[in-house]
Amino acid sequence: MTADRIYRLLLHLYPRRFREEYGDEMLAAFSDMRRRHRAGGVIFWAFVLTDTFRAAGRERLEAMRWLATAACGLLVTTMAGDVTAWTYRYFYHPYFEGITIRVLPYGAALGFVLGASVAIAQRLLFPSSERRAHQWMLASAVALPVAVLFCSAAVDRAVTGVSPIANIHPSVLDIFVLGLAQPRNWFDLATQFGAMATSAIVVRALLMTPRARSRHAH
Amino acid sequence: MTPTRAEFHVLLALLDGPRHGYGLMQDVGELSAGRLQIGPGTLYTAIKRLRTARLISETDADDDRRRCYKLTRKGRTVAEEEAQRLSDLVRLARKRGLLPSTS
Chain A
1 MTADRIYRLL LHLYPRRFRE EYGDEMLAAF SDMRRRHRAG GVIFWAFVLT DTFRAAGRER
61 LEAMRWLATA ACGLLVTTMA GDVTAWTYRY FYHPYFEGIT IRVLPYGAAL GFVLGASVAI
121 AQRLLFPSSE RRAHQWMLAS AVALPVAVLF CSAAVDRAVT GVSPIANIHP SVLDIFVLGL
181 AQPRNWFDLA TQFGAMATSA IVVRALLMTP RARSRHAH
Chain B
1 MTPTRAEFHV LLALLDGPRH GYGLMQDVGE LSAGRLQIGP GTLYTAIKRL RTARLISETD
61 ADDDRRRCYK LTRKGRTVAE EEAQRLSDLV RLARKRGLLP STS
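As given, the protein sequences belong to chains A and B, one line each in that order.
Numbered per the working numbering, the first sequence finishes at 218, counting up by one with no gaps.
Numbered per the working numbering, the second sequence finishes at 103, counting up by one with no gaps.
If you're looking for bench data, these hints aren't it; they were derived computationally from the structure.
Just so you know, even glycine gets a beta-carbon here, dropped at the ideal spot from N, CA and C.
There could be a bad hint or two in this list.
Okay, derived cross-link-like pairs now, SDA-like style, lysine to any residue, Cα gap no bigger than 20 Å in a straight line [unchecked claim]: (1) B:Lys-48 x A:Met-64; (2) B:Lys-48 x A:Leu-13; (3) B:Lys-48 x A:Gly-41; (4) B:Lys-48 x A:Phe-18; (5) B:Lys-48 x A:Glu-20; (6) B:Lys-48 x A:Ile-6; (7) B:Lys-70 x B:Arg-35; (8) B:Lys-48 x A:Leu-27; (9) B:Lys-70 x A:Glu-21; (10) B:Lys-74 x B:Thr-4; (11) B:Lys-48 x B:Met-1; (12) B:Lys-48 x A:Arg-16; (13) B:Lys-48 x A:Phe-44; (14) B:Lys-48 x A:Asp-51; (15) B:Lys-48 x A:Glu-21; (16) B:Lys-48 x A:Arg-38; (17) B:Lys-74 x B:Pro-18.
Beyond 10 Å from chain A on every Cβ pair, some chain B residues (computed) [as the list claims (entries may be wrong)]: (18) Leu-12; (19) Leu-98; (20) Pro-100.
From just these sequences and the hints, can you work out the full model?
Structure representation (structure tokens):
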């Protein structure tokens, strides 16, 4: 097997998009480097492998940032849901019974969730100069917690034997006041993760249209 | 954006004009007197990051039809700022006796 062929195989360690964008150039640079240095020994390959594993690892991590954003959104959503529910139960009084008064704290919680997701994702996950990352963060922060809220409520209703679709008209507001994003068991939690991943993929597909991809590359 | 060591060397190499990938690898080695050798992986992850931050841009291909990269105005500014930052650090290190004084 020739050195170029080995390097071509190594290029598969990089994320597909990166490989498509720079793979040919990297291979050309590798060929030049090998020819110029008449290299092929252990030291040369140790250098190439170290360079490849380090760079590919960094790119893979970069490509997984959207997942980290999703996890961040899930964490904040769950925490906010729990805190709101605990607060509601602690201060519960029959006088405040009613849809409006119950929706308000949950609406506030939703606002908090979105705001906190944006703030946390921006602070922790993305350098300020990465435009695409900003789009990601914003879209994930909005779309994912909402997806979790709805999916969680739907799962709660499914578990309790009530069809969320059949029951949606009279109880549309119940989606905000029942269930929320509090995982009650492992199945509920797994469903939340599933909802996160699915909505993240959809958001990613919507954001990274060919036009946007091309604009980003140039 | 604060460039990494490899990214800063790429910016420095591009001050002389557009380069293709392998040319950049050679220039970085020469600029650092052989102390920093970067492979294609490190180089192109740096190029990707610098392009995303709009510090460098793609320019016309060379005679071998390879993609070349050039410094943008923003890239030059960032390189100047980084050089100034490093210069200030060296001055501070001299002041504290970590490095010998030049005078």
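Item checked: Violated hints - listed by number, lowest first -> Numbers 3, 6, 7, 13 and 16 - these are the hints that the structure violates, sorted from lowest upward.
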